[in-house]
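Protein chains: 2
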Amino acid sequence: MKKILLSLILLPNLVWSQSHEENIKLIFDTELSNGHTYENLRYLCKEIGNRISGSPQAAAAVEYTKQLMESYGFDTVYLQPVMVPKWVRGKKDEVKVLNSDKLGSVELSALALGNTEGTGTGGLVGEVVEVKGLDGLKAAGDLVKGKIVFLNGPMDPTLVNTFQAYSGAVGQRGSGAAEAAKLGAKAVLVRSMSNRIDDIPHTGNQRYNPDYPKIPALAISTQDSELLSSLLKDQKDLKVYLESHGKMHEEVLSYNVIGEIRGSERPDEIIAVGGHLDSWDVGEGAHDDGAGCMQGIEVLRLYRELGWKPKRTLRAVMWMNEENGLRGGTEYARVAKEKGENHIAAIESDSGGFLPIGFSSTGTDKQRQKLQSWKSYFTPYNIWKLDVPGGGADIGPLRDQGPLLVGLHPDSQRYFMYHHTAADVFEAVDQRELELGAAAMTALVYLLDREGLE
Amino acid sequence: MKKILLSLILLPNLVWSQSHEENIKLIFDTELSNGHTYENLRYLCKEIGNRISGSPQAAAAVEYTKQLMESYGFDTVYLQPVMVPKWVRGKKDEVKVLNSDKLGSVELSALALGNTEGTGTGGLVGEVVEVKGLDGLKAAGDLVKGKIVFLNGPMDPTLVNTFQAYSGAVGQRGSGAAEAAKLGAKAVLVRSMSNRIDDIPHTGNQRYNPDYPKIPALAISTQDSELLSSLLKDQKDLKVYLESHGKMHEEVLSYNVIGEIRGSERPDEIIAVGGHLDSWDVGEGAHDDGAGCMQGIEVLRLYRELGWKPKRTLRAVMWMNEENGLRGGTEYARVAKEKGENHIAAIESDSGGFLPIGFSSTGTDKQRQKLQSWKSYFTPYNIWKLDVPGGGADIGPLRDQGPLLVGLHPDSQRYFMYHHTAADVFEAVDQRELELGAAAMTALVYLLDREGLE
Numbered sequence: 000m001k002k003i004l005l006s007l008i009l010l011p012n013l014v015w016s017q018s019h020e021e022n023i024k025l026i027f028d029t030e031l032s033n034g035h036t037y038e039n040l041r042y043l044c045k046e047i048g049n050r051i052s053g054s055p056q057a058a059a060a061v062e063y064t065k066q067l068m069e070s071y072g073f074d075t076v077y078l079q080p081v082m083v084p085k086w087v088r089g090k091k092d093e094v095k096v097l098n099s100d101k102l103g104s105v106e107l108s109a110l111a112l113g114n115t116e117g118t119g120t121g122g123l124v125g126e127v128v129e130v131k132g133l134d135g136l137k138a139a140g141d142l143v144k145g146k147i148v149f150l151n152g153p154m155d156p157t158l159v160n161t162f163q164a165y166s167g168a169v170g171q172r173g174s175g176a177a178e179a180a181k182l183g184a185k186a187v188l189v190r191s192m193s194n195r196i197d198d199i200p201h202t203g204n205q206r207y208n209p210d211y212p213k214i215p216a217l218a219i220s221t222q223d224s225e226l227l228s229s230l231l232k233d234q235k236d237l238k239v240y241l242e243s244h245g246k247m248h249e250e251v252l253s254y255n256v257i258g259e260i261r262g263s264e265r266p267d268e269i270i271a272v273g274g275h276l277d278s279w280d281v282g283e284g285a286h287d288d289g290a291g292c293m294q295g296i297e298v299l300r301l302y303r304e305l306g307w308k309p310k311r312t313l314r315a316v317m318w319m320n321e322e323n324g325l326r327g328g329t330e331y332a333r334v335a336k337e338k339g340e341n342h343i344a345a346i347e348s349d350s351g352g353f354l355p356i357g358f359s360s361t362g363t364d365k366q367r368q369k370l371q372s373w374k375s376y377f378t379p380y381n382i383w384k385l386d387v388p389g390g391g392a393d394i395g396p397l398r399d400q401g402p403l404l405v406g407l408h409p410d411s412q413r414y415f416m417y418h419h420t421a422a423d424v425f426e427a428v429d430q431r432e433l434e435l436g437a438a439a440m441t442a443l444v445y446l447l448d449r450e451g452l453e
Numbered sequence: 000m001k002k003i004l005l006s007l008i009l010l011p012n013l014v015w016s017q018s019h020e021e022n023i024k025l026i027f028d029t030e031l032s033n034g035h036t037y038e039n040l041r042y043l044c045k046e047i048g049n050r051i052s053g054s055p056q057a058a059a060a061v062e063y064t065k066q067l068m069e070s071y072g073f074d075t076v077y078l079q080p081v082m083v084p085k086w087v088r089g090k091k092d093e094v095k096v097l098n099s100d101k102l103g104s105v106e107l108s109a110l111a112l113g114n115t116e117g118t119g120t121g122g123l124v125g126e127v128v129e130v131k132g133l134d135g136l137k138a139a140g141d142l143v144k145g146k147i148v149f150l151n152g153p154m155d156p157t158l159v160n161t162f163q164a165y166s167g168a169v170g171q172r173g174s175g176a177a178e179a180a181k182l183g184a185k186a187v188l189v190r191s192m193s194n195r196i197d198d199i200p201h202t203g204n205q206r207y208n209p210d211y212p213k214i215p216a217l218a219i220s221t222q223d224s225e226l227l228s229s230l231l232k233d234q235k236d237l238k239v240y241l242e243s244h245g246k247m248h249e250e251v252l253s254y255n256v257i258g259e260i261r262g263s264e265r266p267d268e269i270i271a272v273g274g275h276l277d278s279w280d281v282g283e284g285a286h287d288d289g290a291g292c293m294q295g296i297e298v299l300r301l302y303r304e305l306g307w308k309p310k311r312t313l314r315a316v317m318w319m320n321e322e323n324g325l326r327g328g329t330e331y332a333r334v335a336k337e338k339g340e341n342h343i344a345a346i347e348s349d350s351g352g353f354l355p356i357g358f359s360s361t362g363t364d365k366q367r368q369k370l371q372s373w374k375s376y377f378t379p380y381n382i383w384k385l386d387v388p389g390g391g392a393d394i395g396p397l398r399d400q401g402p403l404l405v406g407l408h409p410d411s412q413r414y415f416m417y418h419h420t421a422a423d424v425f426e427a428v429d430q431r432e433l434e435l436g437a438a439a440m441t442a443l444v445y446l447l448d449r450e451g452l453e
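From first to last, the protein sequence lines are chains A and B.
Note that numbering that gives the first Met the number 0 gives residue 346 to position 347 of the first sequence, counting from 1, and the numbers run on in steps of one.
Note that numbering that gives the first Met the number 0 gives residue 14 to position 15 of the second sequence, counting from 1, and the numbers run on in steps of one.
Source of the hints: derived by calculation from the structure; they are not laboratory data.
Hints may contain errors.
Note: identical chains are not told apart, hence a pair may lie in one copy or across any two.
To be verified - When the alpha-carbon atoms are kept at most 25 Å apart in a straight line, the in silico DSS-like pairs for lysine-lysine are as follows:
| no. | residue 1 | residue 2 |
| --- | --- | --- |
| 1 | K369 | K384 |
| 2 | K374 | K384 |
| 3 | K95 | K144 |
| 4 | K90 | K24 |
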């Protein structure tokens, strides 16, 4: 059925239409009828799985996306070497309340944060001081000395853009261990970065302060955060056991994966589009960020399927190591500068494969106004917010080279159910939402290619 | 946590603000922090389950929503009697290919359509003629005599509003049996109304022509529709067995359930808001339409929680029998006319508990312009399409009484994965999406109440 529909659509359009509206409709129709994004994401999630930097699965993902782009006949497909950190979680993380008057011994759902040093076998026992986020930690001061700090700041549920709620709460995850170590704490527990009350712990990046001890840092689920908090209200001498085995190893050689279709008129002007290929070491990295990678590849594949030759050079990029180092994004920008490349725009999808409602961007007023002037091309597809500030982590390092930086901006209601968890699996991605995102990115690349940003 | 946040929000706002923006923010903040919609929907889905008109579960749903609204202290809660059809599926539906050269005997995933008469024990065997929708059936003409007609028209995947794709394909489900019977067919199989290829059959309403035989009509999953179609390409003498046990019984007394908060200034002007309480007899009727019912109740509950007294009368309505008769909506309008009631607006949520992106409406130009003039109050919540034509099935019969008819307009990408299937369960509903819809409806009721439509 899909094939029949597609050929019906394609036949009268093998010649490039003069109308942007028609070409963009062709992009959306083709993707919604016969897109490859969903099946490619299935392969990445189900046949490879999660792929933290430096892991064998990350290497498999490099090889898979390289072969995939080669199979689509892009003009060039190549690997860009980059050294990445290799953090390994090791054995199962464990957090246990030992002496609750009410409940006795209670196991909590936990995941060590990325880049942490584990307790090792034997674990660690301590009393717990609960604080609300980093401000609460600061206020607690010396009280946390020798204790386990429980950073229990919730995400604000009233923010419709849940990334704002994440930004408001994630400091305690990123710097909680470093700040608590300064104050002499022996470990930290962090409330998971979720806007739901459920039993799923969320891992994520944290950065130690090299001048202080590398204390263990583990996330516990929001449900268990509520439980622990309520137990602490009644019992100040509550003791918690924690055990984790995280370890940072020697750096490893890995790669950004790059595919190109060379421009026919202005090959030196580059439009980069993609996502990050690494994920955390749980789940399948479906929304974060398999979706963005497969959408990026799909942009170029649609050009091939439609028989379109871009004026400018289109480049699909799978950046490596966004999650715990940003080495890929940093190296990509360094090499671009060294080679004197001219990126006119870089587009990243790293907010999940959800319903696209707009684009976020960073650039000059003129660049951003040009982007916003294209709004009417997108509203037929319910994509209408083209004035959101933002961009993407991996494209950020390109900023001083002057391109317009763009982030695909999907609705964010469901993202923090899955982000950095075992629940971020292929089944959590909706095919049509994913495809609409891929089509939106292709339409934007098409407009950038045809119109430029002058 | 939720309670703490809420009281922080509420304390400075116990006095009604003069600013619509602030009051609407209060509605959204309260719902997203401490809404009841999701938990109430869980009860309806998990403790009662699906509830086709005339079933014991439909009676339980009447009692539950009545008690729920009473527990919230609405001024009046009452039942409005209405006679409803009682269709019972009976034993498991069965569709089987008997003699495939390739596969031998193959069972297909099937559900009899609503209101059908079953084959009874022993079933029915026939050769199959595949046609594409009602046009294909017309073209086939006499070829279908004595055969099983297989109506295999797909939903158009390129339509971003999937309800349009549904409208384009659903005729074969609603009238396929009636039209095929005219041509002497002995049964119909219908491709499920889904825009996915999966193994889930979708039931739904169909109407016989009283002048022709009531032939059995069953939906098969899209995956099995593709399979059957491909088998038929190679083998014209394919035989299919089908067995179903549907039966229409005597009509049953049931009820619309109505809760009111009486207006303080213009009590005779009514704003009705709700959804339909009946569902099909599979799954849990979560999106269709438990979501709309619970959102409707939540509108009035939020007024109570916020301590707001409406100027006009607010009425939450759970209409009965939308799915296979529309008796509740029809009776509601008849009684309103008989009593000389004055509805200024009626709002229905019956497009699923998904992310709200706007409102559809039917009314005078002036009414619809007034609605659209409120757009800026909704865009902060990513609700931006206020010019969609539409409304709702249950409120349709009110049309000649002059109110503005409004439908909550959520994004529709995921709706037809669940619609009328065993997959329409509580877990398919996202809490925040559901709550945003409830808050959007409350904000609209608030504006209608404060501003009217003059």
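Self-check item: Copy assignment of K90 with K24, given that the CA separation must stay at most 25 Å
Solution: Intra 50 Å, inter 46 Å, cutoff 25 Å: neither.
Quiz item: Between copies, within a copy, both or neither: which fits K369 and K384 at Cα up to 25 Å?
Solution: Close inside one copy (14 Å) and across copies (23 Å); limit 25 Å.
Exercise. Classify it for me, K374 with K384: is the Cα-Cα distance of at most 25 Å met within a copy, between copies, both or neither?
Key: Answer is both; intra-copy 8 Å and inter-copy 14 Å each pass.
Quiz item: Checking K95 and K144: alpha-carbon separation at most 25 Å within a copy, between copies, both or neither?
Solution: within (20 Å within a copy, 71 Å between copies)
Hint compliance for this structure: hint 4 alone is broken.
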